[in-house]
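Could you build all of it, start to finish, from the sequences and the hints given here?
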Amino acid sequence: MRLRGRKGIRENLEGQPELVVLDAAPHRGNWKAFFGNDNPIHVELGMGKGRFISQMSVRNPHINYIGVDMYDELLRRASEKARTAWGEKGEETPPNLALLRANIEGIESMFAPGELERIYLNFSDPWPKSKHARRRLTNERFVEKYIEILNERGEIHFKTDSMTLFEFSLNSFANMELVMRNISLHLHRDEPREDLVFTEYEMKFMEKGQPIHRVEVVIGEEALREHRSAKKEAAKLELESAALQEESEKE
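Taken in order, the sequence shown gives residues 1105 to 1355; the numbers are from this note's numbering.
Certain hints may be false.
Claimed, not checked - Each computed SDA-like pair below joins lysine to any residue, with the alpha-carbon atoms no more than 20 angstroms apart:
(1) Lys1193 / Arg1239
(2) Lys1235 / Thr1268
(3) Lys1153 / His1131
(4) Lys1335 / Thr1268
(5) Lys1136 / Asn1164
Claimed, not checked - Quick list of simulated restraints, FRET-style, between CB atoms:
(6) Asn1207 / Glu1337: 36 to 46 angstroms
(7) Gly1133 / Glu1311: 37 to 47 angstroms
(8) Met1174 / Glu1122: 19 to 29 angstroms
Calculated directly from the structure, the hints in this document are not laboratory data. Cβ atoms here follow ideal geometry from the backbone N, Cα and C, with glycine treated the same way.
The structure is reproduced here in structure tokens:
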């Protein structure tokens, strides 16, 4: 990706230390101090222009968000989106958002083990050539890193327009014997999922009627317990409903 940034972009980013983080190393294991609270931390890897992470931070003020990208120009655009989104709520600086310039290859140097609650992978580069499979963000070598930095409530939420990447990712998660839920091959088939925040790419694909694929991967032990409990409760309700239906038909 080639981005033509504005003149003075680095100075622009350096002038926003309350929002833009240019070096993750000093914060590794201490991100809660950056935010000044103990709220859960959710991270988007490859945030692009920042619409998703900005809107998520506005929608969920009780959660801390970090948007990660390696391009200065994208960080600049994301900072503008974030300030605009929060400006509408009367906040000059987003209180629960950080924009981090970093290469995802070194994610283990950005976050300590168990420091994150959720990782979002939205429309990651599909790297379609098989020889580039190691670069895909759902490759097992990356997922192993995610598992290390996620806590007991850890989850990975993945969205893509690429069926090839989606199939690769499902196989990758399955090979690692990870639990998947809410698998969708066409997320907005019936109507837009307004309960979810859309990325810039997603909005364009929706307008064209292109399928969006999505899956949630349950990682942490507490998250797994809640998932299994929810499945049992759903199965119980289904059986009760079937029994009532049977009784009704007998009458």
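With a cut-off of 20 angstroms on the C-alpha distance, tell me whether Lys1335 and Thr1268 pass.
29 angstroms, violated
Given the hinted pair Lys1136 and Asn1164, is their alpha-carbon gap at most 20 angstroms?
16 angstroms, holds
Just to be sure I understand the hint, the distance between the Cβ atoms of Asn1207 and Glu1337 should be within 36 to 46 angstroms; is that true here?
42 angstroms, holds
Please verify whether Lys1193 and Arg1239 have alpha carbons no more than 20 angstroms apart.
39 angstroms, violated
Given a hint of 19 to 29 angstroms, does the C-beta separation of Met1174 and Glu1122 actually sit inside it?
21 angstroms, holds
What's the verdict on Lys1235 and Thr1268, does the C-alpha distance respect the 20 angstroms limit or exceed it?
14 angstroms, holds
Taken at face value, is the distance from the CA of His1131 to the CA of Lys1153 at most 20 angstroms?
Between Lys1153 and His1131 the Cα gap is close to 23 angstroms, so the pair fails against 20 angstroms, i.e. violated.
Holds or violated: the 37 to 47 angstroms window for the beta-carbon distance between Gly1133 and Glu1311?
42 angstroms, holds
Checked against the numbered hints listed earlier, the structure breaks hints 1, 3, 4; every other hint is satisfied.
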